[in-house]
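Colleague: So the sequences go chain by chain: A and B. Residues 31 to 151 in my numbering are what the first sequence lists, from first letter to last. Residues 314 to 823 in my numbering are what the second sequence lists, from first letter to last.
Don't take each hint at face value.
Claimed, not checked - Under the rule of at most 27 angstroms between Cα atoms (straight-line distance), these lysine-lysine pairs were calculated in the BS3-like manner: (1) B:Lys501 x B:Lys526; (2) B:Lys437 x A:Lys92; (3) B:Lys501 x A:Lys92; (4) B:Lys638 x A:Lys92; (5) B:Lys441 x B:Lys317.
Because the hints were derived from the structure by calculation, they are not lab data. Keep in mind the model is a prediction, meaning the values are calculated, not measured.
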Amino acid sequence: MSLSPYVPIVGLFALAAAFALFSVAAAPLTGPRRYNRAKLDAYECGIEPTPQAAGGGKFPVKFYLTAMLFIVFDIEIIFLYPWAVSFNALGLFGFVEMVLFIGTVFVAYAYVWRRGGLDWD
Amino acid sequence: MTFKLPAIDYLALAPMLVLFGAACAGVLVDALVPREWRYHVQVPLSLVALLASGGFVVALANRKEHVVTAGSAVVIDGPGLFLQGSIVVLGIVALFLVAERRLEPGGAFVAQAAVVAGSEADRKQMRKPGVTEVYPMMLFALAGMMLFCSANDLLTMFVALEVFSLPLYLLCALARRRRLLSQEAAVKYFLLGAFASAFFLYGVAMIYGYAGKVDFRGINEAVLGSSNSKTLLLIGLAMLAIGLLFKVAAVPFHVWTPDVYQGAPTPITAFMAACTKVAAFGGLLRVLYVAFERSSWDFRPTLGVIAAATMIVGAVLAVTQTDIKRLLAYSSVANAGYLLTGTLSMNRDGLKYTMFYLVAYGFTVLAAFAIVMLVRDSDGEATHLARWAGLGRRSPVFASLFTFLMLAFAGIPLTSGFTAKFGVFAAAVGGNMTWLVIIGVLSSMILAFPYLRVVVLMWLSVPGDDTPTVSVPGAFTAAALFVGVAMTLVLGVAPNQALELVNDAGAFLR
């Protein structure tokens, strides 16, 4: 059977679908129902969705900025780690490439820092 | 453990490396140089980088040595170099428009894009000089476009697509006037563009499923050698085509075009109409001519229908427009149809004349938007067509130039529009796509109407009280306008040298 490698995948799909259906069906039957204001709000990551904030809908993006910077350095680590493990095999070429890569990340970092992206207020 | 390091031909990559390096330097300039100096540093930096990049392209073209480099991720061949060179040259002209600060104090760009439109802070920043981040962003976009034209596999192509798209989304949001329209344009372009990118990426996955490879040569060989069902390949190609046709603004993936062209700052609209068109068609040409050449009988009918729809819908909707920027947007849609006609001829002439068309159209559209930038009143550019009535009596020089550009768009002989259209139509006849040429000629006749209507409006109406004035262009806009008009004329009267250039470019390296 040429399809055999796909059978477990189909099984996984079925399992996932069954779990999703089961959870949705079981939650209202078994869970307690204690509603409050926060629970009835639309989910907006901590921002009050309505009514629109005074001044034309401004809301702080500090957390967003920090999260974005975190992701940049997070990705950098993902590349740094395997490079560090195989440093000897990659040699000078790998080192130079890595320095260039870190350099470009630091260009972005310098920009964010100088433009006040790290100031909390 | 040993690694085999990829051989990298740095000279072959130099045109792109120079731009990427200069863009990074530009970001640092924006971070470290005092505010009042930034503009004076950024403009020469960008200009020098573009000139250096162009110099490297010429050097590579003279080397006449076609290479696949960087682990076969990038291919440097004749057509790729021609497209890269066109992107650099059109990019320099677009940079002139972007750098213009005489028409409006502080330039066409806003100081702080995140300020709420119409608020007190927004009114205050009207007098402040515009952001200078536009220059590094333009360089990033240009380098991405160049990589897009010379990618050798679909993944590199996808990365290049994102590299040139992301700066464009941001640039669209930076118009100094009509802030809401500009922000709306950016959001629409971003959302639809992200959607198109997702289609492209899913198409790559499907094609990998069929061929087991993502490089163009590998895909082409897989089509020849495989007896598998073609379903995955065709689904993949369809999705890939959706991603690419979105960028070239082909019907039915064109709906973003008028809104984005209208909302974006006019220099950026010109940049998109000229350079993005070259890059997107460069990518499309390479994908269709190298990776899917052997499947051409599968996709030609479908893409032919899309090309026909693009020409007709673009032409018919251009007739109904009342705003000059939207009119030029629909004209850009129709021109995507003519370019597709050339592309689909799938022969050597098709490649040649499509590339020629891209350059000819790029220069004309840059000059046209340069004039749109000049026609203004106290509220900024007066883009409504009714306002252009009687402009010929006010300033005959600029009205004459615009008339010439409109005639070039309409494809009148002795302009580049005629040479270019004639070329792609002849190529399409040679490639057995005569039915498409018939539709092309008919749609050109429809499309001539809106162009000539503008001309008639400018010359035969009496100027009213609210007819805007044509500002005296600064040196930058004047230079862009001169280059655009001159090239439109030269490519129409004496196109031999340019045709020789596209002829020497030869075919794509497989």
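Colleague: It remains to establish, for every hint, whether it holds in the given structure.
Modeller: Each hint tested on the structure:
With a C-alpha separation of about 33 angstroms, the suggested pair Lys501 (chain B) and Lys526 (chain B) falls outside the 27 angstroms cut-off, and the hint is violated. For the given pair, Lys437 (chain B) sits about 24 angstroms from Lys92 (chain A) by alpha-carbon distance, which is consistent with the 27 angstroms threshold. With a CA separation close to 25 angstroms, the supplied pair Lys501 (chain B) and Lys92 (chain A) stays within the 27 angstroms bound. Restraint check for Lys638 (chain B) and Lys92 (chain A): the C-alpha separation of about 37 angstroms exceeds 27 angstroms, so the hint is violated.
Taking the CA atoms of Lys441 (chain B) and Lys317 (chain B), the gap is about 53 angstroms. The hint is violated against a cut of 27 angstroms.
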